[in-house]
Amino acid sequence: MEGAAVRERAGELPREPGVYQFVEHGTTETDTAATDDGVVAVEGTTDGEDVAAAANGDRPRADGTVVYVGKAVDLRDRVRTYADPRSDRIARMVRRASAIDFAVTDTETQALLLEANLIKRFQPRYNVRLKDDKSYPLVQLTDHEFPRIEISRDPDPGAAVFGPFTDKSRLEAVVHAIRSIYGIRQCPDGRFYSRDRPCLDYQIGLCSGACGGEISQEEYATDVAEVRTFFEGETGVLADPLRREMEAAAGEAEFERAANLRDRLHAVESLHGTGGAAIDAGEDQSGPRTVDVLGVSLEGDRATVARLHAESGKLVDRDQHSLSVPEIEAELGAGVDATADGDTDVESGAVPANARTDGRGETDGTVADGTQGTVAGEGTAAGSHDPDDRLARVLGAFVQQYYADRTLPDRLLLSEHLADPDVRGWLDGEGVSVSVPGAGREATLVDLALKNARRAHDTDEAGALGDALSLSRAPTRIEGFDVSHGGGKNVVGSDVVFVDGSPNKSGYRRKKLAEENDDYANMHALVRWRAERATEGRDDRPDPDLLVIDGGDGQLNAARDALEAVGWDVPAIALAKEEELVVTPDRTHDWPDDAPQLHLCQRVRDEAHRFAARYHGTLRDDVSTVLDEVPGIGPQLRTRLLRRFGSVDGIRAASVDELEAVPGVGMATAETIASRL
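The sequence shown begins at 35 in the working numbering and counts up by one.
With a straight-line Cα cutoff of 25 Å, these simulated BS3-like cross-link-like pairs (lysine-lysine) come out:
(1) 545 / 523
(2) 154 / 539
(3) 154 / 202
(4) 523 / 546
(5) 202 / 539
(6) 611 / 154
(7) 611 / 539
(8) 546 / 611
(9) 523 / 611
No lab work stands behind these hints: they were computed from the structure. Just so you know, these numbers come straight off a predicted model, no measurement behind them.
Based on the provided sequences and hints, a complete structural model is requested.
And the structure:
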């Protein structure tokens, strides 16, 4: 985009808080308006609930690459600044983008949450600050006969999860208040089962003593239900008891206790304003209590249905379900395995096979239509040439299977009209309202579900990378390496680990290297250090399936030399910046920007770079801090000293005469440096 196009687009944005995205190539499928210069406007919403659903349900782009995400108090003013970028890096980002999307939020806090979630989801190339920040805290009630309440950034499978929240200290105060009123336990399951009498928490009123039989499971479940109600928006279930207790304490002249209760009450009453709205779905409190939103996508012989579940207007659950649609001759009533979260198998009725890849009707391979019992040729579906009809049949089969032994919601919002009249009649008889919204907040939720379903087909990045590199197996465990230094000073190396496409922080390592202004030698030393630790049994981490080196041919050759010298047989590739070319020992790959294998390599490379740069910055700042504490040393003199002696240790080892020889250092300053260091 040129500066004029950015300014024009900025003028269309509202003066409200929100999030903006620079997108490379492609347009959105709904709610778009193209300007004469090709800039595509995706209209945001002023409804914080819809934006919140985007934050948790994620807004993946099926048709473009998000290269940068940012937040703003005033969207128009903030985006306008990109018309005249202040750095080469931002200028490259703006030139690369072809569209600017935005979403309006009710508050700056919502914008912060949405920005963080979008960056974590898309891993935009030009975002740095939030790409590896820890996620915002959540509250979980574990899946247990006596659930445990816990603040967590990584919830347990099956737990009821609420949040995210931006203010952890406030959240901790709320959880403490919950425990003091409802006695929900916080102990680990192992400790819970090993006790035959209540612990100290019971004695001080923070637990109801379920481990010692002080409360029945039914009574405990009632208390847990009250806690769930609070996190779903009913603040009064917790605020009212706290207020009564506070007033009683004040009446008894227990002013310190009353003040503590007042602080807890304030935390409780303000909690939902700091993050609870980030999980609101698009339903009013006066509307139906339960709503399921379903979106369906097909690729090859696999279909995916994504479900968003809302209760009382709150988006409280999300999941994905996979259906196998074999590319073989299908007779009427043939079985189709549907797996929900990998643990539920249900038999299907007639479901047509489909090889459509992207929801727009393209096919690749043989398609069997279960309604006709015949096999279609490539690019067609026997008995049905309408791709939407095939999607509708798969979605109808899923609805029939999934809800056969589950409670039906009050409403179903679907991405396709149900094709089977029997399924429609069954839902109507059960009093379920079914609709395929075309616009508004309900359509936004359906779009989120649909995009989640489509994204499920792109999750096997490791498999795509293994195929592209002709590896013997998919590289599910990858280590990334990078070196950072400033003119050969404070040279450090990073070794980051990705497992199944995600960072594994516990496996990260870093190393301070010899101060040498030679990128190839530094990379050789870093990789050799890792290889020697692995072959000598001094590294307790599993061997990786692949090494990703930040750099080009030179860095890759240096790394391979180190591997061969030590005898550590691990394949290695390099990813060069700017051109984004993947270098292997045999050739150079120029993969498309939207290739999943490239995205995985980029994330590993960028994370290795970030981790190394942060460590280098820490060492550099440490040097600055030490010298800044010496009277008489300003920025220019500090630079001269470091250039002359190489490091703080070099300055420390210098004599007074050697220090005096540096321009700007007199005898008094030299003596001060010597005494202070």
